[in-house]
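Trainee: Using the hints provided, position chains B and C with the ligands relative to the given structure of chain A.
Chain by chain, the residues:
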Amino acid sequence: MSIDLKTIKHISKLSRISVDEQRAKKLAGDLNSIFDFIEKLNELKTDNVEPLTSVAETTLKLRSDEVKSENIREQIIKNSPQDNKDYFVVPKVIE
Amino acid sequence: MDKVSKKNSEYLINRKDNQYEVVIGLEVHAQVLSESKLFSTSATKFGAEPNTQVSLVDAAFPGMLPVINEFCVKQAIKTGIGLNAKINKRSVFDRKNYFYADLPQGYQISQFKDPIVGEGKVILDMPDGQKEIGIERLHLEQDAGKSIHDLDPQNTFVDLNRSGVALMEIVSKPDLRSPDEVSAYIKKLRSIMRYLGTCDGNMQEGSLRADVNVSVRTKGSKEFGTRCEIKNVNSIKFMQMAIEYEANRQVDLIEEGKSIDQETRLFDTKKNETRSMRSKEDAHDYRYFPDPDLLPLEVSDEFVNELKNNIPELPDDKKKRFIDEFKLSPYEANILVSDIDTAKYFEEVVAKMGKNKDMKLAVNWITGELFAVLNNKNLEISQSPVSAKNLAILVNLIKNGTISGKIAKTIFELMLDGDKDPQKIVEEKGLKQQSDPKAIEILIDKIINDNREKAIEYKQGKEKLFGFFVGQAMKASGGKANPQLINEILKKKL
Amino acid sequence: MSDITKQSLTELVENIKNKKISSTDVTKGFIERSEKSGELNAYITDDFSSALDKAKKFDQKPNFNLKLPGIPMAVKDLFCTKNVKTTAGSKILNNFVPTYESTVTKNIWNEGAILLGKLNCDEFAMGSSNETSFFGNVQNPIDKNLVPGGSSGGSASAVAGQLTPITIGTDTGGSIRQPASFTGTVGLKPTYGSCSRYGIVAFASSLDQAGPMAQNVKDCALLQEVISSYDPKDSTSIDFKRNEYSKELSNNIKGKKIGIPKEYRVDGMPKEIDDFWQKGIQYVKDCGAETIDISLPHTSYALPTYYIVAPAEASSNLARYDGVKYGFRARGENLIDMYEKTRSEGFGAEVQRRIMIGTYVLSSGYYDAYYLKAQKVRKLIKNDFDEAYKKVDAILTPSTPSSAFKIGEKTNDPVSMYLNDIFTVPVNLAGLPAISIPAGHDSKGYPLGLQIIGKAFDEQNILNIAFAMEEKISFKNQINDWWIK
Ligand SMILES: [Mg+2]
Ligand SMILES: [Zn+2]
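Chains as they are written, first to last, in the working numbering: chain A, 21 to 115; chain B, 1020 to 1513; chain C, 25 to 509.
FYI, nobody ran anything at the bench for these hints, they're computed from the structure.
These figures come from a predicted structure and were not determined experimentally.
None of the hints are false.
Computed Cβ-Cβ distance ranges for the label pairs, DEER-style:
1) Gly62(C) to Lys98(A): 27 to 33 Å
2) Glu63(A) to Gly389(C): 17 to 23 Å
3) Thr1288(B) to Val121(C): 40 to 46 Å
Pairs of lysine-lysine, BS3-like flavour, derived with a Cα cap of 27 Å:
4) Lys1425(B) to Lys1457(B)
5) Lys46(A) to Lys115(C)
6) Lys105(A) to Lys365(C)
7) Lys1108(B) to Lys406(C)
8) Lys257(C) to Lys1108(B)
9) Lys112(A) to Lys1289(B)
10) Lys106(C) to Lys98(A)
Every residue, glycine too, gets a C-beta built ideally from N, C-alpha and C.
Looking at chain A on its own, in the form it has when it is part of the complex:
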């Protein structure tokens, strides 16, 4: 297993975290040692094992279709970094 710089760049893009060359190198080193340790799982044969996604011993409960939230626009927008009383504002999206 070897995670190269190109892979680091790719996952940094996917996760929307910019990394410079130096950081990318450090990350590659760290991730390689972590994945060396993770590779241990390959010792196990798991072909017939059901994957476990949740340990919650319950079934999904359904709520009724009622509107319970009122207009809390002020509360919702209050913490946003750019001031506007009606909208969230972000730098221009280029399509």
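Mentor: Chains B and C with the ligands alone, transformed into the frame defined by chain A:
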């Protein structure tokens, strides 16, 4: 309403040496009719002030968790039943991860591997016969918010009102072959969902929109070509235009010996062309995985059966019944069932007409006079100025001879203003048909007397003159005399 | 009043109910001690003045029927607290003030407790030493330059240093039990689904659980009965009958069968730890319980599994921190540029590392090899426990493979840092309850903890075992207040 027009054959794109067939698959996003959102308790009403229907869950505040709306689950299952599809008793919600300004969680909760509804089918009535379109699946997912790019030169504004609203994504098999089939398919889906009350199908408000997958192949080929996905098209007309453009673009590439890139494209409604959405490309890896905030959705047989037992009569069944029970032609039945409100109106007219009813006459009045008025005034049938009850009375008045068809048209005009009772109009204006044989006899005697010579000519064989006497009698009665009686008496007297 | 902060929660509740002391006295006492404890760096945000107001209000109109009458309490800064800044130890949430309250803290305030402040923790609870916090590392009251463990390091330090009579932490892979072990305190990770996750900043949703941290088992039981509740706002919350754990607490564990899993005797485990574990086994026997050797064959796969599952969920859970709705935003030329800079500057190195791991194991082409594989192994690990519980009532292990280490000792080697959680992680993967109790000291004089793992929903049983052992062990934490000037 289906505009069934000229006989339609295959839709093919012709080039010098080749004929190309177009293969189309649709991913329709239908907004679930519900009061509150899929995983939060905020309202779903259309047209609210920006960000006024946004809860902490919808805006993805730290520590907020999804709780699923039972009604949305039922709506999806009902729709599945309407699509003759397999209902999956166990389905799983997954996270589809990507970053976008109007996606506050950084992921959309959707269903990837295990959707709530599996394979099904819908039947299209095409001019050259019926065609079955396969449904691949239907799954539940969250809608995103709305990015507004034109309010400010430097910034994009985000409105999260729609964020978290429940959508049903209905994925068809690649069974569609022409823009007309796409139109019929969308209309059919819309019709079924409106019958079920699961989606209002309002395309202007974005309740129904589709990603259109288009590929082309030489006619007769069994393999599929490379497809392009045209994102988020929100009207049937645009879908048709987009397919037309895209299919031709692909054919041109093939003819030039070039290859087609599998990509996401956007339909520019102003330029009437599709173009590549490069910004979407690098985010293509959605890293789907089961949402650990939710458990698998499990529904029991009872739950599904309860819904099945309460499914209303759907357009296909209704059409069949109209043909069997009311002796309508398939064409007439189609027109009346395709829109649930039209069907409702028609059935109310039928009910109000009572025992001695004239079905043909009712159909003609609805699809003729009434549709013309609605068209002119740009109204939906649910907003009809003439109620089903009063239309039924009018049809009955014609049927039982109280008024003639001609007078009925005059009365209909008068009914438009405030949905007046036609019976009352007849009484007030004295428009009742003259059906007393004695009175008509007197009237005809006078006319024959006044036109002796013409009467003789008639007897000598100039049969055309019969019409002249009918006209004179009608005129003399002020248009109210029963035309049938006039005919009978004239024949006797002449 | 200087001895107020030496009292246990149970004593404080008793004394307030008997009107021997007032909530104001108690609150003042802990505030004063907290104010002198800056060097521990246990607090990110204090709420002292409003705590004092609330205490005075309580004293004017006391309600002694409550379980935590006028008791001041600081909580981990991962719980959203209404109108009080909540940071999760991260720059990206610096200055975030929730307008809502987590269910767990709401349960606490409903029983009469008063918020003292928000305690330091590893950034987004990712760490085992409290060194990843944007707000600096926390000192262990046991010794200078010693880590308190993590991620609930501020909580552990605050309880051990008596800055708060009791507290709550969260535990995703050991974040309550490991710091409890490092600081000579008691920490309980409840069954998954026992405490609501609503309003807790998420790290890994399928593993996260809030739990109490205390100076003794009885206090721990009392707080557990307060925080555990069924919550319809959390779809993974479980509706089961919850005990009044403190009332039903019993030291009679005669005849209980305690499993000793051989796989926890890991390669390179210091003899000291093994001896300590043997001592623990003796304590259990002294209490009249029976020990049985058991096998949990997939134990050594737990940590690699955890380092796939937790980062995968985290990479998605942390996608909401994008500079749009709240928190830190860096300047960017366009939306994508803003995202990338915000997340690069807003998240610390460890969080970035885990997001990257998580993104990688979920990305196309790797999902089956890593994420799906890990979920399958997770099943095997859970099966191991299910199998074991056919034979035993609970399982006894060391809490950690070592005592607390020095600040900076492991920061350059993520894998050796991760190995800290080798004994605690399997429990989270299987969703079980487990408690760490202090049971002795190592050669350096640093505390060591023993872990008792229970069946799902069997908190009462492990609390009882812990309670019985606590009596036999009679552990004394050696705190000399070195940080108070
Ligand atoms: Mg699509
Ligand atoms: Zn979709």
